[in-house]
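J.: Letter by letter, the chains look like this.
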Amino acid sequence: MINITGLEKIYRTEEVETVALNKLSFEVKDGEFVAVMGPSGCGKSTLLNILGLLDDPDEGSFLFNGIEVAKFNERKRAELRKRNIGFVFQSFNLIDELTVFENVELPLIYLGIKSDERNKRVEEVLDKVQIMHRRNHYPQQLSGGQQQRVAVARAVVNKPKLILADEPTGNLDSSNGNEVMEMLTDLNEQGTTIIMVTHSEHDARYSHRIIRMLDGQTVTENILV
Amino acid sequence: MLKNYFKIAFRNLWKRKGYSAINILGLSIGMASAMLILLWIQNELNYDRGYEKSDRLYTMYNRDKFNGEMWAWNSTPKIMAPTIKHDYPEVEDAARFNNSTFLVSVGEKKLNVRGAFTDSSFLTMFSFPLISGNATRALTGKYSIVLTQKTAKKLFGNEDAMGKTVLIDSNANFTVTAVLKDLPNNTSFDFEYLLPWAYMEKLGWNDKYWGNNSVKTYVLLKPGASQIAFDKKVKNITTSHSDESEQVFSYPLSRQHLYSKNENGRLVDGQIETVRLFAIIAAFILLIACINFMNLSTARSEKRAKEVGIRKVSGALRSSLIAQFMGESVLLAAIAFIFALIAVQLSLPAFGQLVGKDLFIEYGNLLYWTFAIGFIIFTGVLAGSYPAFYLSGFSPVKVLKGTFKKMNAIVTPRKVLVILQFTFAIILIISTIIIEHQIKYAQNRDAGYTRNNLIFTISQGDVDKNYLLIKNDLLRSGAVTSISKSANPITQRWSDGWGYSWEGSTESDKKLDFTRLGSDADFIKTIGVKLKEGRDIDVYNFPTDSTAIMLNETAVKQMHLKNPIGQIIRNGDHNAHVVGVIEDFILESPFEKTVNPMMIMGPASDVFGVIHMKLNPANATAVNIAKTEKIFKQYNPQYPFEYVFADESYAKKFKEQQRTGTLATLFAGLTVFISCLGLFGLATYMAENRIKEIGVRKVLGASVLSITSLLSKDFLILVIISLVIASPVAWWAMDKWLQNYSYHVAVEWWVFAGAGIVSIVIALATVSYQAVKAALANPVKSLRTE
Numbered sequence: 001m002i003n004i005t006g007l008e009k010i011y012r013t014e015e016v017e018t019v020a021l022n023k024l025s026f027e028v029k030d031g032e033f034v035a036v037m038g039p040s041g042c043g044k045s046t047l048l049n050i051l052g053l054l055d056d057p058d059e060g061s062f063l064f065n066g067i068e069v070a071k072f073n074e075r076k077r078a079e080l081r082k083r084n085i086g087f088v089f090q091s092f093n094l095i096d097e098l099t100v101f102e103n104v105e106l107p108l109i110y111l112g113i114k115s116d117e118r119n120k121r122v123e124e125v126l127d128k129v130q131i132m133h134r135r136n137h138y139p140q141q142l143s144g145g146q147q148q149r150v151a152v153a154r155a156v157v158n159k160p161k162l163i164l165a166d167e168p169t170g171n172l173d174s175s176n177g178n179e180v181m182e183m184l185t186d187l188n189e190q191g192t193t194i195i196m197v198t199h200s201e202h203d204a205r206y207s208h209r210i211i212r213m214l215d216g217q218t219v220t221e222n223i224l225v
Numbered sequence: 001m002l003k004n005y006f007k008i009a010f011r012n013l014w015k016r017k018g019y020s021a022i023n024i025l026g027l028s029i030g031m032a033s034a035m036l037i038l039l040w041i042q043n044e045l046n047y048d049r050g051y052e053k054s055d056r057l058y059t060m061y062n063r064d065k066f067n068g069e070m071w072a073w074n075s076t077p078k079i080m081a082p083t084i085k086h087d088y089p090e091v092e093d094a095a096r097f098n099n100s101t102f103l104v105s106v107g108e109k110k111l112n113v114r115g116a117f118t119d120s121s122f123l124t125m126f127s128f129p130l131i132s133g134n135a136t137r138a139l140t141g142k143y144s145i146v147l148t149q150k151t152a153k154k155l156f157g158n159e160d161a162m163g164k165t166v167l168i169d170s171n172a173n174f175t176v177t178a179v180l181k182d183l184p185n186n187t188s189f190d191f192e193y194l195l196p197w198a199y200m201e202k203l204g205w206n207d208k209y210w211g212n213n214s215v216k217t218y219v220l221l222k223p224g225a226s227q228i229a230f231d232k233k234v235k236n237i238t239t240s241h242s243d244e245s246e247q248v249f250s251y252p253l254s255r256q257h258l259y260s261k262n263e264n265g266r267l268v269d270g271q272i273e274t275v276r277l278f279a280i281i282a283a284f285i286l287l288i289a290c291i292n293f294m295n296l297s298t299a300r301s302e303k304r305a306k307e308v309g310i311r312k313v314s315g316a317l318r319s320s321l322i323a324q325f326m327g328e329s330v331l332l333a334a335i336a337f338i339f340a341l342i343a344v345q346l347s348l349p350a351f352g353q354l355v356g357k358d359l360f361i362e363y364g365n366l367l368y369w370t371f372a373i374g375f376i377i378f379t380g381v382l383a384g385s386y387p388a389f390y391l392s393g394f395s396p397v398k399v400l401k402g403t404f405k406k407m408n409a410i411v412t413p414r415k416v417l418v419i420l421q422f423t424f425a426i427i428l429i430i431s432t433i434i435i436e437h438q439i440k441y442a443q444n445r446d447a448g449y450t451r452n453n454l455i456f457t458i459s460q461g462d463v464d465k466n467y468l469l470i471k472n473d474l475l476r477s478g479a480v481t482s483i484s485k486s487a488n489p490i491t492q493r494w495s496d497g498w499g500y501s502w503e504g505s506t507e508s509d510k511k512l513d514f515t516r517l518g519s520d521a522d523f524i525k526t527i528g529v530k531l532k533e534g535r536d537i538d539v540y541n542f543p544t545d546s547t548a549i550m551l552n553e554t555a556v557k558q559m560h561l562k563n564p565i566g567q568i569i570r571n572g573d574h575n576a577h578v579v580g581v582i583e584d585f586i587l588e589s590p591f592e593k594t595v596n597p598m599m600i601m602g603p604a605s606d607v608f609g610v611i612h613m614k615l616n617p618a619n620a621t622a623v624n625i626a627k628t629e630k631i632f633k634q635y636n637p638q639y640p641f642e643y644v645f646a647d648e649s650y651a652k653k654f655k656e657q658q659r660t661g662t663l664a665t666l667f668a669g670l671t672v673f674i675s676c677l678g679l680f681g682l683a684t685y686m687a688e689n690r691i692k693e694i695g696v697r698k699v700l701g702a703s704v705l706s707i708t709s710l711l712s713k714d715f716l717i718l719v720i721i722s723l724v725i726a727s728p729v730a731w732w733a734m735d736k737w738l739q740n741y742s743y744h745v746a747v748e749w750w751v752f753a754g755a756g757i758v759s760i761v762i763a764l765a766t767v768s769y770q771a772v773k774a775a776l777a778n779p780v781k782s783l784r785t786e
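Sequence order for the protein chains is A and B. 1 is the number of the first residue of the first sequence in our numbering; add one for each residue after it. 1 is the number of the first residue of the second sequence in our numbering; add one for each residue after it.
Each hint should be verified, as a subset may be incorrect.
[Stated by the list, open to error] No more than 30 Å apart at the CA atoms, straight line, and that leaves these computed lysine-lysine pairs for DSSO-like:
1) B:Lys415 / B:Lys440
2) A:Lys120 / A:Lys23
3) B:Lys398 / A:Lys161
4) B:Lys261 / A:Lys76
5) B:Lys398 / A:Lys23
6) A:Lys120 / B:Lys7
7) B:Lys233 / B:Lys216
[What the hints assert, rightly or not] Which residues of chain B face chain A? A few of them, derived with a C-beta cut under 10 Å, are:
8) Lys17
9) Leu39
10) Asn43
11) Lys222
12) Ala225
13) Ile228
14) Lys232
15) Ile310
Since the hints were made in silico from the structure, they are not lab data. Virtual Cβ for every residue (Gly too), placed ideally from N, Cα, C.
Start from the sequences, fold in the hints, and give me the full structure.
T.: Okay, structure coming up:
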């Protein structure tokens, strides 16, 4: 599904040049669950942003399902992103002014899906993450665990092939964290590819493979399964 | 998708009620101000354009040189219209028009209102809508009268006025032959009834003298006829029929209202300048209100940043985010428009009074609503475009990771916009101060005569016949200390003339234009002007004074007379002799530095239709008036006694300027208010944003005062920059405005200092509330929340 070779990303300010990714290469196959680990500043987030088509690399190749996307423009990236990729963030990132239902509905709106179909799919996915009873609540009225379940629901509602999770349990206690990890595992078992950035060894053990990064490069890969 | 946008827009408005209120209030005021001005502009631009044949209607003008300068004016000889109609095949029709006031009565109902004499062709040329009667025939009879609906109702109530009889001036019966709809609010004509020209002839008021420019002449050219060709032919109509030297030209009636300022004999600009000025003011007030929206939405952009990030991650394109934010501002503009419409409807009568016009919104007119929708979208897009581009440009990577930083540059668009707001506000403040100063300056000017206790009345009915009896009774009653007849009120110029010669005068002196007044006797005593040499005219003690003349000082100077008393002044076959010289006094504009040469002429010169009376200062005014009225009623029972106080009449000379001053004050006030609303919003945001910094500073020992001044300083700098930009602009604009008046104040430094202090105090008061509040907050609280 994902094949990157020689990926480079350098951030420049007036005084400092920071190499975030340094000729990074790896592959992720369909249906894999990969955890990316490493200390702060090692380039994990940059990698995730590039994989999520939110950012573009300076150098290197990025094949997404066999298509070179490294030089895609904003419009093409948005198109590819909204059809194929779901995001789960550490800080949930729900829109405060929208209800649970409306937050989950958002990606479907941008996909141009009709209202009836949207209702059906949102209800389905809310049911799956067991938050249906709070569908008309606003994010502030939910606990952290509940908010992250909504965020997961939003990430999967458009049935993406790939889910990118950025420390999905970072703001949660362990029982809520485990719940979210179970959900991700379920999704993976149903065929969704998952790439997850995490600091937690515990969480990483849910994955098939751990990529460890340092200074913008992969240092080791552990196959768990 | 739209539903989603609206939902979030409404929830955002509702959630941040304070910001929404500031935005809506500011936009409403801005939109209401712009709408009021636009209504006025619409009225101005459509002046005299509503007649069916507007594009073929022209006013005839004279052009001639006086004192080395070319002048154009539109009072013309009475003989001109019939001559043009007869001699020029390209002219379809022509009509004379002359306003005149008569007592119009039906039984006991009496109205002393303004009417006009005109030719029978007038009604077909101008297509004023008729309620009844026939436009072609209505003014053909000698004793026909055409009434406006309003006058017909006053005279006949709800009865049909057609065919009924109206008494004019208690000596002639007229038959109502047509009733007109009331005149629209954008016509330059002003009359309540029309009388046929034939009656003017019957009264002996008509003449065929090409040198008597006394009426308006309108022509209707045939379809397709060229105005240029017509002008070429008509140019010498006066010179070819007489020894007069005026050239004649036609001028489109539809341009007359807006473009009628004389500039060396050509008609350029004029009212259109005021229209342009107010269009600019309207645009700026709207812009300033929109700037509030721009600043407040970008200021709290951090709060929307996350939403932008999530939407982008969810697949939103930048264009759809722009559409969303634009939609929000259009929605806000629509809400503001509703409030603005209510405000306009409520303030329209007062505003109409202020601008001297009956303005209204045509709610049934689809065009208005189309315009309203366009106006809402325009305002929404103007206010929303910058925030939309700004907000939609956020990178989702940064905002969602929390590395998003707000702009903190020395020059930010927000600061520039605040400076723009305050620059405009300060320009208006400076202008207001200068306009008011100029009016006061002219008001305090010595007019050269005493207006206290001076009244005048128009001589009607039997007054002239019984004048001496009235005069004696008035003096004997003690109500009046002196009385004098004249050809026109002391506050208005009704007559001027040239073509005079005297001993030592040259040919060019024949073009010296004199303002003309008249007097039978006691002019000096009644009016209170100062005699310089000689004596007052007194036709009762010196019968030859019927051809006497008093000159003002300017006349003596411009005529180069060494010994004016006894000089003979000739005009054609008429000779007059100078008996006195008076000091200059202001008859016309107190804004003119110099007064025109003036002649006060004995009774042989003219019909004296105005009586001036000096009320006895020893009595209460009401008592004097009651006694005077009783005597007038005794000798002229048919007519009501109507009088005008000279000081009130004089005060009207400032009306135009006072109107400008009031409008400037109004819009300056509104602009300042809107700008301060925005400033208040920004200060609130700033206090919120710097709450941690303030906490740290306080913990480290900063005083409330030092924090307040720290927070206020940034805004003060912006206001001071605005002052620096505004001052030269205002100076340039007001200097230009003052050039319209030769008697004017100098633009002085204290005006700018004053405006500066005013704006700084206002800005400081606006900001300091939030600054002090932030400075007083307990630092423990603010630091804990971080």
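J.: Does each hint fit the structure? Answer for all of them.
T.: Verification of the hints:
For the hint pairing B:Lys415 with B:Lys440, the CA-to-CA distance comes to about 37 Å; that exceeds 30 Å, so the pair is violated. Distance check on the hinted pair: A:Lys120 and A:Lys23 sit about 44 Å apart at the alpha-carbon level, beyond 30 Å; violated. With a CA separation close to 25 Å, the supplied pair B:Lys398 and A:Lys161 stays within the 30 Å bound. A C-alpha spacing of about 62 Å is found between B:Lys261 and A:Lys76, which places the hinted pair above 30 Å, so the restraint is violated.
Proximity of B:Lys398 to A:Lys23 is assessed by CA-CA distance (about 23 Å); at most 30 Å being required, the pair is judged to hold. About 20 Å separates the Cα atoms of A:Lys120 and B:Lys7, which keeps this hinted pair within 30 Å; it holds. Distance check on the hinted pair: B:Lys233 and B:Lys216 sit about 19 Å apart at the alpha-carbon level, within 30 Å; holds. At about 14 Å, the closest approach between the beta carbon of B:Lys17 and any beta carbon in chain A exceeds 10 Å, and the interface hint on this residue is violated.
For B:Leu39, the interface hint is violated, since its Cβ never comes within 10 Å of a Cβ in chain A; the closest pair sits about 38 Å apart. About 44 Å separates the beta-carbon of B:Asn43 from the nearest beta-carbon of chain A, more than 10 Å, and the hint is not met. A least Cβ separation of about 63 Å between B:Lys222 and chain A goes past the 10 Å threshold, and the interface hint is therefore violated. Checking B:Ala225 against chain A by beta carbon gives a least distance of about 61 Å; that is not within 10 Å, so the hint is violated.
Among the interface hints, the one on B:Ile228 is violated; its C-beta lies about 59 Å from the nearest C-beta in chain A, farther than the 10 Å criterion. Violation of the interface hint for B:Lys232 is found here, the shortest Cβ-Cβ separation to chain A being roughly 65 Å, above the 10 Å cut-off. Hint on B:Ile310 holds. Least Cβ distance to chain A is approximately 5 Å, under the 10 Å limit.
The structure does not agree with the numbered hints 1, 2, 4, 8, 9, 10, 11, 12, 13, 14 stated previously, though it agrees with the rest.
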